[in-house]
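Work from the hints to combine the two standalone chains into their complex.
Taken in order, these protein sequences are the chains called Y and V. For the first sequence, position 348 matches number 348 in my numbering, and the numbering has no gaps at all. For the second sequence, position 59 matches number 59 in my numbering, and the numbering has no gaps at all.
No wet-lab data here; the hints were simulated from the structure. Some hints could be false.
Stated by the list, open to error - Derived contacts from chain Y toward chain V, CB cut-off under 8 angstroms, selection only: (1) S318; (2) K319; (3) H321; (4) A322; (5) L326; (6) G327; (7) A328; (8) Q332; (9) P416; (10) W417.
Glycine is no exception: its CB is placed at the ideal position from the N, C-alpha and C atoms.
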Amino acid sequence: MIILIIYVAIFSAAFFAVRFGARKFRQMNDFTSLKTVTFGDESAVRPDRWASVISVITIFLLWGAFTGSKWVPIHAPGPFVGDTEFTYTLEAPDGTQDEATVFVRVFNVGETIEDRETTPGDGIAKNDVLSVGAWRSQLLLMDKNDEVTRSDGARVVSVDGQPVEPGQTVRVSDGKVAVTAKGSLNFSPATGMQMEPIWLPPPESVVSRVAEIASEGYQNFTLWEHLFWSLFRVIVGFALGALVGIPLGYAMGLSDWFRGWFDPIVEFMRPVPPLALIPLVIIWAGIGESGKIILLFLAALWIMTISARAGVSGVAISKVHAAYSLGASKWQLMRHVIVPNSLPEIFTGARVAMGVCWGTVVAAELVAAEKGAGMMIMVASRFQLTDIVLMGIILIGIIGYGIDIMMRKAETWLVPWKGKI
Amino acid sequence: MSTLSIDNISMRFDLPNGGHVQALQNVSLELNTGELMSVLGPSGCGKTTLLNILAGFLAPTEGQITLNGHKVTGPDAERGMVFQQGALFEWMSVRDNVSFGPRMAGKREKDWSGSVDHLLDVVGLQDFKEKAVYELSGGMQQRVALARCLANEPDVILMDEPLGALDALTREKMQGLVLRLWKETGKTIILITHSVEEALLLGERLLVMAPRPGRIHKEYRLPFADDGVGKDLREVKKNPEFGQKREEILSMIWDMEEEIMGRTEEAGA
Chain Y
1 MIILIIYVAI
11 FSAAFFAVRF
21 GARKFRQMND
31 FTSLKTVTFG
41 DESAVRPDRW
51 ASVISVITIF
61 LLWGAFTGSK
71 WVPIHAPGPF
81 VGDTEFTYTL
91 EAPDGTQDEA
101 TVFVRVFNVG
111 ETIEDRETTP
121 GDGIAKNDVL
131 SVGAWRSQLL
141 LMDKNDEVTR
151 SDGARVVSVD
161 GQPVEPGQTV
171 RVSDGKVAVT
181 AKGSLNFSPA
191 TGMQMEPIWL
201 PPPESVVSRV
211 AEIASEGYQN
221 FTLWEHLFWS
231 LFRVIVGFAL
241 GALVGIPLGY
251 AMGLSDWFRG
261 WFDPIVEFMR
271 PVPPLALIPL
281 VIIWAGIGES
291 GKIILLFLAA
301 LWIMTISARA
311 GVSGVAISKV
321 HAAYSLGASK
331 WQLMRHVIVP
341 NSLPEIFTGA
351 RVAMGVCWGT
361 VVAAELVAAE
371 KGAGMMIMVA
381 SRFQLTDIVL
391 MGIILIGIIG
401 YGIDIMMRKA
411 ETWLVPWKGK
421 I
Chain V
1 MSTLSIDNIS
11 MRFDLPNGGH
21 VQALQNVSLE
31 LNTGELMSVL
41 GPSGCGKTTL
51 LNILAGFLAP
61 TEGQITLNGH
71 KVTGPDAERG
81 MVFQQGALFE
91 WMSVRDNVSF
101 GPRMAGKREK
111 DWSGSVDHLL
121 DVVGLQDFKE
131 KAVYELSGGM
141 QQRVALARCL
151 ANEPDVILMD
161 EPLGALDALT
171 REKMQGLVLR
181 LWKETGKTII
191 LITHSVEEAL
201 LLGERLLVMA
211 PRPGRIHKEY
221 RLPFADDGVG
231 KDLREVKKNP
241 EFGQKREEIL
251 SMIWDMEEEI
261 MGRTEEAGA
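Chain V on its own, in the form it takes in the complex (with noise of 0.2 angstroms):
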């Protein structure tokens, strides 16, 4: 079974007056193929940094990560991303933005437009297909990223906040979209949110990262992810140990974010 091994990695930035921030520091994590974790975490605790060490945006100070046995060492096709807006081509059609990856693979139409034209129908954007990109809406925007990313057969997806700037209920059905594209791929998925309830209805492991330095607090392996295939979201969220779990996640962030506070105030006074 291959995996994505995440060997103790830390990331120290170093700062122009001298300083530096430790933004990571010995984080190890397992993933095993087709598993989605979400990434919880006050803000500065590292999610996006360690989102980007994967990609192979960023090199780590320290540590290593490993996927299927090699070590990754820059982007590549085989870890694809979901970011959080913005991030498709203006001046391509739909159709060639979800293509892009086949075709600088050098794959030629016949053979990339079957699994293309299949991910438009999924994704709901059949319709849409040579309509330029600015023209949608911000949820057929990201569901466009989405099929983008998946028609380049990526073995794990990254996505930084790909729902954070939706609105509640286009948010919502798109929570539903993730989870049955994740059950019918079966890809590895890391998924870095800001909402504890996404975090909650999505992530089949639940990382929660404190911060300063960036570190992994606790993970959690949930149900709810499974259940909610394929069913009504709000169904899971009326589940008793859904409510719980929410508040013990929420008040745990809720420490630390207070715990920030009260160390710049120190720092302040």
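Isolated chain Y (complex conformation) (with noise of 0.2 angstroms):
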């Protein structure tokens, strides 16, 4: 909740910084920017590079916030270490009580350390030592040197003079106790607001692990062979979908036979989502590279089908006519008219299949695979080591960002006239 009110503040922030008081040192003298953009014209509205870089950078600055990584300046109240105390009070069952202090140290964990040193004080209530780890808590075994058990029907009244009942919690100095059901004490030191590495680790660890997994590998492959892994089943699931795909969908956009066959089949393909078809497919081709294989190419064929089939009938009359009225053959009119028209719709459905697929082989190593980037960051959750799920995240996206961005390209110098019929 605190995370999302500084995110909004410093978006609401650098809005009117980069608006208002960075007015002065853009430039403002061409007539576009005396251009009033209609409302709705989502064509004329082009991404602030200010805003990107400011939101990325905000990003990391709040994740770094939020770990105490050391690359960021500022940080949120980390978890509290070090030394402190309570004391809590003992009622013996005759009615006399006697209070004993509980001398703590909260510690790193990975660190040694020792236990504080006490002397054992007098009554019936014996000073103890307790050590716990930071997000951690450790229940105090008061019994162990108190002359009146809790067997003996000895309980905590109160801790540090607030009265305390079985299940309850109170707060102390720099953490809290919580009474158990059966009357014994469990202290938790305070946390902060800082993220425990084991749920979100700082970005230098992160990081850190790239260089290591690059070099050492994990699970008995580097990183750049799970990534590679995952990228080639992509690329050969998705070429032999196309591969497919297209011929079936040209022949369904110029026969009426072919796309009567084939309708109900691709139209009930469509729909039905490729993770749905892991099982069956690890049924049928264990979870070697060929189930993942089949299993993209499904994924990208029906895209590719229909998007073919999409640019054959989406080509005009007219330029049909006019090729056959230009003296072309049915073959040339194939060949330089309906391919290079269908070009547009299929490179939509290949940046499309494309997404698909490298989400699909992502999923489909993360239910079972020997090797690949889904595979890595499932592993590495079963042993929570949230470093390299983490890793294993920022570059499946990173890969699925380029991927998009190369087709993209492709697009423009291939299809350099879609768009602008």
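Here you go:
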């Protein structure tokens, strides 16, 4: 909740700073700056570069600030680490009360520390020592040294002077103490507002994981091998899907028999998410490469078929007529008019298909695989190696984004007339 | 002399609801080589259907078309067509569009490059020949379409409102170009238009068609096309006879339109 408020605040502050503060630094001397943007005219809205840059920086700042990153100068309050103490009052069955102090030492998990030293003190309750890892909690074994134990009928009546009942939790300095149902005390040090590394590791540990896995590997394969295998599966599956889907789409667009025959199949298979096919494909082809490639082939096939079909059906009849009256044969019409005319649609389909394939391969690897980006993060999550999981997610995102950028570049290069007709 | 003869053409479209539309009824016409005929008529009079039959995109339900003594059975390079818009191939440069016909006929570049370059000169697109067609203005695109049709050296050129989508000024320039190309090449041209002025200016012969069923209403022989070749077309329009013909044809078409409106109102009532 606090993170959301901070995020909205940064968004607003950056907006006003860039809009009004930086106005004098930005050249506003061309006529396009005077153009009134028609509301709803999406093509007239260009992303503000400043907004994009600040947006990315904000995410990293928040990530760093709430994970205690060394790369970020400001931090959210971290967990309490150090020495603290609280007292409890024990009441014996005969009504005598005695107060004892618990000397607590909170340490970073992974460090080795020594318990604090103390003198037992007098009375029926003796002083205790307790060592707790940050973000953890620890049960106080007070019966070990107290003269009257809970099995004798003694009970804790107050903590730090606050009266307690079993099941209650009270705040003490630097943490809180819960009284369990059986009457023993459980101390949890204050956690602050930072995330525990096991939930969200700081950026630097993710980056160091990249270096480590790139050189040493994880689960018998290096990072690049994992990513390569995922990409390889996508490219082979997509290529096979396009190889079958595009001619099939052309046939469906040109022949009513093909259309009638394949329409029910295509229209039935299209809404089935490829992920739903994973179990079936595993039964048929196992968890090896062929299974993955069959799955991706099926994911790409319908998308490519439908886009090729739409590309053929979308050719203006006047173009076909023009080609015929210029003396083109059927084959020439196909080669010089219908195929090039369908390319923009096919490229749109290819972009969608690549995106779907990339998502599907990761999901398929999550389910079962020996190598691949999805398998890497799945295995890491079983060992609670959150930094590897995070690294995998970031790399999967970057590669997916990269694929889309490459498809768009190829599109403007190969079908420059797209959207200009 | 080779002629285009339209022999008692009728065209009937069956509708899915069991009814039918008589788009053309008993249309007969003879055109000599080198004649330019403009076709006018209210919407629904079957002008475009007639042109599509001439091009071979549609087969008439009755009658037949004969060109140079043989029957027309389908689209062919001997009958070129210029469309209103959108019929250029965006994936080709201007030059590739213009040379499409010769290339499809399997001619080698040295055989067509001369005539294609000449045509690009005539339509004033020599400097744009390597440009993509979507980079050109509407008027330039129609000049490409004209040149593409002429490069194929058809016997008959069919024009389906070729200037309909252009602004008034470009349109006037293009009308002059059409006249010039007609005289220079000596092609037989059939031009469909919605503009009475354009029909008068360009048509050596002018055909007024009537709707429901589509049929020939009246035919004129006009001197304005010959007068206008190579001249300022605005001068031609000042001719009192031109104004008189324009009024006559306009009121004729208005009457037809009103009749249609009346009929639909009756049908509605």
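Outcome of the hint check:
Taking 8 angstroms as the C-beta cut-off, the interface hint given for Y/S318 holds, the closest approach to chain V being about 4 angstroms. With its C-beta approaching chain V no nearer than about 5 angstroms, Y/K319 sits inside the 8 angstroms limit, and its interface hint holds. With a cut of 8 angstroms, the hint placing Y/H321 at the interface with chain V holds, because the nearest CB-to-CB distance is about 5 angstroms. Using the Cβ-Cβ criterion of 8 angstroms, the hint placing Y/A322 at the interface with chain V is satisfied: the shortest such distance is roughly 4 angstroms.
A distance limit of 8 angstroms between C-beta atoms decides the matter here; for Y/L326 the minimum to chain V is near 4 angstroms, and the interface restraint holds. Here the hint on Y/G327 is kept, as its CB sits about 3 angstroms from the closest CB of chain V, short of 8 angstroms. This hint holds: Y/A328 has a C-beta 5 angstroms from the nearest C-beta of chain V, less than the 8 angstroms allowed. Satisfaction of the interface hint for Y/Q332 is found here, the shortest Cβ-Cβ separation to chain V being roughly 5 angstroms, below the 8 angstroms cut-off.
Proximity of Y/P416 to chain V holds as hinted, the smallest CB-CB distance being about 7 angstroms (cut-off 8 angstroms). With a cut of 8 angstroms, the hint placing Y/W417 at the interface with chain V holds, because the nearest CB-to-CB distance is about 4 angstroms.
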